[in-house]
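*Asks:* Given the structure of chain A, go ahead and fit chain B onto it with the hints provided.
Number of protein chains: 2
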Amino acid sequence: MRLSRYFLPVLKETPAEAQIASHRLMLRAGMIKQSSAGIYSWLPLGHRVLRRIEQIVHEEQQRAGHIPMLMPTLQPADLWKESGRYDAYGPEMLRIRDRQDRDMLYGPTNEEMITDIVRSNVASYKDLPLTLYHIQWKFRDEMRPRFGVMRGREFLMKDGYNFDLTREDALHAYNRHLVSYLRTYERMGLQAIPMRADSGPIGGDDTHEFLVLAETGESEVFYDSEVTDLTFGDRDIDYDDVAQCAGVMEEFTSRYARTDETHDEALFNAIPEARRRTARGIEVGQIFYFGTKYSDAMGATVQGPDGKPVPLHMGSHGIGVSRLLSAIIEANHDDKGIIWPEGVTPFHVGLVNLKQGDGATDAACDGIYQALEAAGLTVLYDDTKDRAGAKFATMDLIGLPWRITVGPRGLAAGKIELTSRRTGESEELAPEEAVARLSEVYAAHR
Amino acid sequence: MRLSRYFLPVLKETPAEAQIASHRLMLRAGMIKQSSAGIYSWLPLGHRVLRRIEQIVHEEQQRAGHIPMLMPTLQPADLWKESGRYDAYGPEMLRIRDRQDRDMLYGPTNEEMITDIVRSNVASYKDLPLTLYHIQWKFRDEMRPRFGVMRGREFLMKDGYNFDLTREDALHAYNRHLVSYLRTYERMGLQAIPMRADSGPIGGDDTHEFLVLAETGESEVFYDSEVTDLTFGDRDIDYDDVAQCAGVMEEFTSRYARTDETHDEALFNAIPEARRRTARGIEVGQIFYFGTKYSDAMGATVQGPDGKPVPLHMGSHGIGVSRLLSAIIEANHDDKGIIWPEGVTPFHVGLVNLKQGDGATDAACDGIYQALEAAGLTVLYDDTKDRAGAKFATMDLIGLPWRITVGPRGLAAGKIELTSRRTGESEELAPEEAVARLSEVYAAHR
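Sequences listed follow chains A and B, in order. Counted from 1, the first sequence has number 162 at position 162 by this note's numbering; the numbering is strictly sequential. Counted from 1, the second sequence has number 294 at position 294 by this note's numbering; the numbering is strictly sequential.
Hint data in this document are derived by calculation from the structure and do not stem from the laboratory. Hints may be right or wrong, so weigh each one.
As the list makes no split between identical chains, a pair holds if one copy fits it or if it spans any two.
Unchecked claim - Restricting the straight-line Cα-Cα distance to at most 30 Å, the calculated cross-link-like pairs of lysine-lysine (DSS-like) are: (1) Lys12 x Lys126; (2) Lys126 x Lys33; (3) Lys126 x Lys355.
Next comes chain A alone, as it looks inside the complex:
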């Protein structure tokens, strides 16, 4: 993409309303624009990152055997009356009346709707196990929306629902989700720690939240420092292997790690003092096992092996897709701007022409641009006539992990400059060496 033809409205000044780094940087980098309190448009650069995060979530869900579908944003109130949550859910539920005076709502979550779909279409235990998920816009009418898309009202969430014959099968689904989530977050360059949490209005006893440590997090967390040494890495996982998934669950949740909702001072104090940590965290996902809570209330049964009806064992599993942008930026930025992890960057590389309008420099940039695209890399090419300083400042602000700088002096020696946004280190290379280097770097992020 040539910057001269793109829409990247960066701001020089920091909007006064932004209190945390990710909100400030998303506004300054031209990624989002607020339209109402807690409701945002995703400008082109922000939209690219959002789509990339969605893509990773889709890939990891499908790798785990979960099936994509899509439920609508608006739901009939009747379904929520069946489960008993219509009255129980507070003013965060956006209630709507249509022109026929029917009670509707903008879905904050989808347990009722998916249970309705499954009870209408799944009759036998032979159709199980089944995990369906979707990535759809949700609405929670927060009293105080704040921090940009971190705590917005209209937000994008992946929510998935497992349906199983037994508690044991459903607990495998729970573990499978935990494994797939660990892998999902790591691909985004995030360490998200599973912590025992409270189930809130979803219900059930078994639940873990995934938290990214950050000073600006809204939750207080308590953990054994050993949990931050764990990495998922490049493991070969068979998601049908019950023991393997249970092993990963054990490995990642056996040490103390809890949010303030479930914190237990005595257990915490049993950890050696040098390993006790308190910090703040951003919640980026949560998994639940809640048994037959919804299937009992809504009559969702299947015929079991003995011919008798069995209520379905269920869980639900969410990833805050739009919120993840905030979390990633909170964990990856400096004074100059964002520093995208390679897995989620909106463009793989920025290309800066130091002398736009100079025939030789323009031609060299065009050649490098084409070579990068031919190698499957996405490029944002600053082909404007701005000063070099302004071009560098914009590239640093929007945070592409790699920058190629092309100027007449280097070209005279057959060299361009390759700069890492994270380390700030530069290297002089022949253009084809830079392309090869970047292809190698990104091979792990396809």
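*Replies:* For chain B alone, kept in the frame of chain A given last:
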């Protein structure tokens, strides 16, 4: 995908409420499920087609130089009060009040919101031309939602907006959209005819609707039979070439083709009688040029070359993404079910195992499955123990364009059967020949 692990709830009986073929077939093929009047969940098979159509729209928009972004579903009423449409828009607008008693609405279209974004961020004529688009859920509270997703209330639409300095530039944007739309529909296997139409609540004088001819269409249309002879084909288009885009516009719109809204009996009767046609059509898209209607009302100006403020010339351009599924099925089905065009099929090929559980047949199917996937083709493998007749009926119903049938008798001779859903013709081939044939067929649809 193995059918035994998929969620494909096909129905044997036709639901009584479905009046047209596409609605019946989408319900029977387990593609959608209604949750409220005019509001549907997209079950896995339907979701795959929806995503494929979205993908084609994205590719063709970006090929034309248009920039993707995403605006939220809920909009503040204030923006619509600025343009004057808040009161003018009738009861089809779903009006919502949030917990702070602010007036909101579920967007039926986005002229106001995009104009607000552009007026806040675009200051100079140097930033033009600019075309932004998004694919987002919309809501129109239809009095009588019907025909499934053909006339739903919550529906997915691509809407794009061009911003130009002059009327001439904006008319080029109009032509560019017409060209990209012709190409988009043809990739989906549809002939969509641009017809002079009425602009309705969007406004402006220049507008064309794209109509797919079908008996179940809601619009009456009148046209010169020569328009149905036109095909876009595999043209090499430079979307910056004003004359080339104008030439395509001229070619596709110079003959008489109008909806009943703009029909002119005298002009129609001037066509030689043998070429006069009346028919019914399904509207699948519309393009508008409306000049400075919104930029005047909302104060969206840029600094012109002479330093003076100039109101932006605008147009908007929509494709009914979810409705397209209905239109494609109306144009592509028979008594047995859907017949997907190759460009939008949910899976490239169905694989039917005639003797599931037989070691040799299972192994052959596994090998073919892997070879197809290795060739980049998506496969739905019916690995259930159902009878052959039931398996064929399901494959015919869901309409994959190609079926590979594997049984012990054929395998003994080293052959499988490749069947075209559209012609019903079968051919016996070696497995590797079938893979090669399908790779070739789909090479044109990547």
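*Asks:* Honestly, which of those hints from before does the structure not fit?
*Replies:* Hints that this structure does not satisfy do not exist here, as all of them hold.
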